[in-house]
Structure formats: C-alpha cells, structure tokens
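S.K.: Sequence:
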Amino acid sequence: VCEFGETCENCPQDCGTCLNASVCGNGVCEFGETCENCPEDCGECPMDAVCGNGDCEATETCENCPQDCGECPMGGRGRIIGLEEQQKQLENISKTLVSIENKTKDIKEITERIWQMFKRTNSSVIRDERITSYKLSKKASIIIQYNITVPIKEGYSAGEYLPLRWKFWFVNDRNVCIDQGGGGEVEPQCRPLIAETIGRANDTIPIEIKIRPSLNRGNYSMIREFEVDPEEVWVSYGREIIAQIEVVEDNLYRGVEMKKITKSILGIKDKEAKELDIIGMMVRGINDKDVQIGLILLLSLVLVTLISLGYHNYRCAVRKKEREKKWYEK
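So in the numbering used here, spot 309 of the sequence shown is number 309, and the numbers just go up one at a time.
Keep in mind that the hints were calculated from the coordinates and are not lab data.
Derived lysine to any residue pairs resembling SDA-like cross-links, with alpha carbons at most 25 Å apart:
id, residue 1, residue 2
1, 135, 219
2, 135, 196
3, 153, 200
4, 119, 204
5, 210, 147
6, 153, 128
7, 139, 216
8, 119, 227
9, 138, 261
10, 138, 210
11, 135, 253
12, 210, 176
13, 259, 151
14, 153, 227
15, 210, 239
16, 135, 172
17, 260, 149
18, 259, 235
19, 260, 121
20, 119, 131
21, 138, 173
22, 259, 196
Okay, the calculated beta carbon distance ranges per label pair:
id, residue 1, residue 2, range
23, 252, 91, 42 to 50 Å
24, 92, 124, 50 to 58 Å
25, 302, 235, 32 to 40 Å
26, 130, 300, 33 to 41 Å
27, 139, 161, 29 to 37 Å
Every residue gets a Cβ at the ideal spot worked out from N, C-alpha and C, and that includes glycine.
Just need the whole structure built from these sequences, with the hints factored in.
M.R.: Below is the structure:
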C-alpha cells in the first residue's frame, strides 16, 4: 500500500516505478522535488525553517525533522500538527452556536408567550394619552393623563357602568419584565401594576393616573394595556410600549393613585368635565400601610356618625318628655 509520505521515488516497492522520473536541474520543480532535494529547480528552503528549534515549521515533517515534528506513526502516516487543537476549537464553536440558537429560540418563545403580539391601541376608546412625568424618585411619580370614551357593549345601554382596567408592565434594558406582585392573575411573564375604576358607557372620562412601580434604579420600557370588562371577560383595546421611563433611585413600595381631571385634555368645558361621574375607584397595588390608614379613617367616620345619631335621638326623646309634662300640668 502506497501510504502517506511514500512516493515512487522513496518507496517504489509500494508506489511503483515513477513513470516520468523528475530530473533535478531541468529548471522545473517537478513531482517529488522539493527545496531540500532539488534547490536548483525548487529554490532554496526558507531560512526560518530550522530543524531542531522545537517548532514544526512549514517545510518540516516527521520524515525530514523528527526532532521538531515527532516520529512518524507506524504505517508511514505523518502527524498533522495542531489537528487535535483545531478539532477541539471546532467542537467548542459548534457547542457555542447550538447554545446561542437555543437561547434565541427560548427568548422568542418567551416573548411570544408574554405579549402574543402588541395590539394596536383603539383611538376611539383611548382618545388621548399623555405622559407628563417620565421620572420616578422619592418625590416624583410617573404621571399619565387620559381621555377614555367607554365603549357601548352588546346588551348594555349608554349610561350603564362598566369596569375599566389599566395594566402597566416594566421591562429593563436586558428585556426582563420586572414582576410587580400584588396578587391578581399571574401574567405569562410577570404581574403588572394594575389600576381599576368604573365608568358609564359612551361617556368620555378624563383621568390622571400616578404610578409608583417597584423598580431599581435604571431605565425601563413601560407597556400599557387598557381593558373593559362587561361580564368578567376583559376585552383589550390596546397593548403597546408607551414610554421610556427613568428610575432615579430605587423604589421598593409600589402604588397607584387615580383622580378625575377637572379640565379635559380634549378641551371639554370645565362645567361639563365636572359633571362627568367617576365613582368606585378601586386600585390594586396600593401599599398595606395605606389600606390600614384608610380603614382607620373610615371606621372613625362611622363611629362619629353613630355617636351623633345617638345623641340626636337622645335629645329628641328628652324634648318630647318635657313637652308631654307641660301639657299634663296644664
């Protein structure tokens, strides 16, 4: 068998007699001729190829320089320097590519599962949406002003009350959604900050929402979804990124505050705006401390009312007895 490293010149027993024997000195570097055995035709070998320097260089092989390239293995095959290292590098590159592909696939699946796809905002429902404060700090909140026209749903008449809900998600610069907790349904990726109220169908409601999400210092994309619930089935009227916000300092405690705007963003007259009825402000995400304070104030008000009613009834009874006594004396 004519193996690697064997030729018709150095091993005619295996490779056979050379048909056209190369002739050194004819000016042509023919088959079998090299810079070592025929410098007349192939030129001088590069000076940097020095056998014995411990480096298997370009013109060195296991045959002509075993000191640098090592002994040829049995069977006449030369060792290809660096092949194992190259194979390891290729394996590492392949593993890295597979890892990147898997991560990309995971991110895509997570994104699709979270948002499905962004839903274009219905401008006939969300008439206007203005962010008047983009920064969150100890003194400043994220402030959004809305004009919402409550849609008339099938089976409902104009003027009937329908639940309304805003959901706000916050995504950092690493595309991670920051969970806002606070109970309620768990969203596919994380729980949003939620604000709820009710409004009359076909009414245009001017509302200002102040939100204080629980976030660390940094920049975030804010995603809003607005929904109406006619019969415990929330109908979305838009989910999309509405702003890039900045958290100036860490904020641990989340909170939501909603209030009626006395003057409409769309230019409704003050008198008409004041007549707009917004009741039943139900807000999720308020701190437990705020809830406790609210309950104490409410109970105090009830107690004062009961005392006033009792005192009033007592005075009425006393006066009645005095009048009856005077009547009998006459």
